[in-house]
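Undergrad: Same order as they appear, the protein sequences are chains C and R. For the first sequence, full-length UniProt numbering begins at 1 and goes up steadily by one. For the second sequence, full-length UniProt numbering begins at 1 and goes up steadily by one.
Any given hint could be a false lead.
[Unchecked claim] Reference listing, derived: stretches of chain C covered by chain R, where coverage requires no fewer than 3 residues with Cβ under 8 Å from a Cβ of chain R:
no., segment
1, 78-86
2, 112-119
3, 122-131
4, 137-143
5, 169-182
[Said to hold, decoys possible] Dumping the calculated BS3-like pairs for lysine-lysine here, alpha-carbon to alpha-carbon at most 30 Å:
no., chain 1, residue 1, chain 2, residue 2
6, R, K181, C, K104
7, R, K135, C, K135
8, R, K104, C, K145
9, R, K135, R, K73
10, C, K135, R, K181
11, C, K149, R, K145
12, R, K181, C, K73
13, R, K135, C, K51
14, C, K53, R, K145
15, R, K73, C, K135
16, R, K54, C, K73
17, R, K149, R, K51
18, R, K145, C, K51
19, R, K73, C, K145
Bear in mind the hints are in silico, worked out from the structure with no lab data behind them. Virtual Cβ for every residue (Gly too), placed ideally from N, Cα, C.
Each chain, letter by letter, is given below.
Number of protein chains: 2
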Amino acid sequence: MALENGDKAKDESSPVAAVAAAMMKDWTLFMLRLACFLATASATIVMALNKEKKTLVVATIGTSPVTATLTAKFQYDPAFVFFVVANGLASLHNLLMIALDIFKHKLSDKGLCLLIVALAAAGDGAATFMAELGKNGNSHARWNKICDKFGTYCERGEGALIASFIGLILLLVITVLSILKLHSKPKLTTTHTSSVIP
Amino acid sequence: MALENGDKAKDESSPVAAVAAAMMKDWTLFMLRLACFLATASATIVMALNKEKKTLVVATIGTSPVTATLTAKFQYDPAFVFFVVANGLASLHNLLMIALDIFKHKLSDKGLCLLIVALAAAGDGAATFMAELGKNGNSHARWNKICDKFGTYCERGEGALIASFIGLILLLVITVLSILKLHSKPKLTTTHTSSVIP
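All chains, please: the whole structure from these sequences, using the hints.
TA: Shown next, in the form of structure tokens:
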């Protein structure tokens with residue numbers, strides 16, 4: 001009889017603790033998703049609005065200078081366009097997951113989540129090395145640096161890259177936490193209680 | 001009594017089916033890992049050995065031509081160096097997982113696996129857009145294409161990229177399958193409570 005009471009007490013307390021722990025985990029995931037959305041969305045917006053015009057004196061005829069206006073835009077580089085698309089898709093994915101979370105819909109999206117991680121990482125890799133080329137140039141290929149002419153453009157690009165890397169790290173943490181949540185969830189729980197009273 | 005026999009039959013048959021299904025899954029994962037290792041290792045080796053020398057006539061003094069020897073190497077571009085490191089690490093990771101599988105060691109490496117996916121994707125993104133720049137150039141930044149001069153170098157680089165993308169896709173499939181395996185695995189499951197009161 002004492003055993004039965006103990007079991008009953010356990011049955012009553014453990015669901016409460018489990019629900020509390022699950023809520024805590026859900027809350028952490030929600031906040032991480034929000035931070036991740038903010039980071040990737042900032043990266044997308046900053047890079048998409050990145051543009052700088054520069055008027056340079058290219059020659060002087062007599063006393064009048066001949067000027068040329070050069071423009072640096074993210075659209076001019078396919079790597080930066082891919083960066084904007086990748087971070088934009090990561091933002092949309094996070095927004096969708098937040099919305100589903102608010103409306104209590106459950107979506108098991110491990111495959112999609114993994115694709116978004118790969119896409120964001122590819123975008124970051126492409127943009128980082130293109131930015132490095134813009135900053136330092138490549139003497140072997142005779143590609144000159146452009147950041148000496150377009151300082152503001154390069155600084156903004158750097159900001160977008162940093163935001164995007166923060167977003168990628170958060171995306172990785174969210175994915176690992178989601179997998180761990182999946183792992184810790186008890187799947188099939190069968191309780192056999194046989195009382196043999198002759 | 002009939003119920004007891006039914007349970008016994010079920011207990012005897014289901015572990016055999018479960019073991020067979022698990023072995024089939026393990027075998028598929030093993031083959032996928034092997035293919036992934038071969039793809040990423042090929043990408044690493046082809047890119048790491050990619051080098052082309054070209055002797056060009058830059059001027060003629062009298063009748064004797066003045067030549068210059070230009071060399072294209074993967075080491076000259078940080079994006080390609082990163083590509084080699086990323087694919088090399090992905091190969092090592094796959095090799096380690098294959099070895100652990102052969103020696104029947106279990107390692108739950110979901111976090112590491114995710115990092116490898118992100119690393120390989122970043123390497124592929126960086127190298128793809130750098131290769132695109134080498135092939136087409138960028139008129140806005142005044143970066144000339146180099147593939148018209150270094151055709152063989154560019155073709156080999158393309159081959160390495162294709163192998164690497166196959167490796168990345170296989171890596172994604174392996175990770176999704178591993179997560180699904182985790183999901184389908186029953187965790188803790190049976191609680192037998194028998195109270196025999198004579």
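Undergrad: Next, verify each hint and record whether it holds.
TA: Evaluated hints:
1. 78-86: It holds, with 3 qualifying residues against the three required.
2. 112-119: This one holds; 5 residues, not fewer than the three required, reach chain R with a Cβ under 8 Å.
3. 122-131: holds (count 8)
4. 137-143: holds (count 5)
5. 169-182: Holds, because 6 residues of the segment 169-182 of chain C bring their Cβ atoms closer than 8 Å to Cβ atoms of chain R.
6. K181/R - K104/C: Given that 30 Å is the threshold and the Cα spacing comes to 26 Å, the pair holds.
7. K135/R - K135/C: Holds: K135/R and K135/C sit about 21 Å apart, inside 30 Å.
8. K104/R - K145/C: 52 Å, violated
9. K135/R - K73/R: The given pair, whose Cα atoms are some 15 Å apart, holds under the 30 Å limit.
10. K135/C - K181/R: Violated, at about 45 Å.
11. K149/C - K145/R: 21 Å, holds
12. K181/R - K73/C: Given pair K181/R, K73/C is violated - Cα atoms ~46 Å apart, limit 30 Å.
13. K135/R - K51/C: 25 Å, holds
14. K53/C - K145/R: 25 Å, holds
15. K73/R - K135/C: 21 Å, holds
16. K54/R - K73/C: Not satisfied, since the Cα-Cα distance of roughly 34 Å exceeds 30 Å.
17. K149/R - K51/R: This hinted pair holds, its Cα atoms lying about 13 Å apart.
18. K145/R - K51/C: 24 Å, holds
19. K73/R - K145/C: 20 Å, holds
In the structure shown, a violation is registered for the earlier hints numbered 8, 10, 12 and 16, in ascending order.
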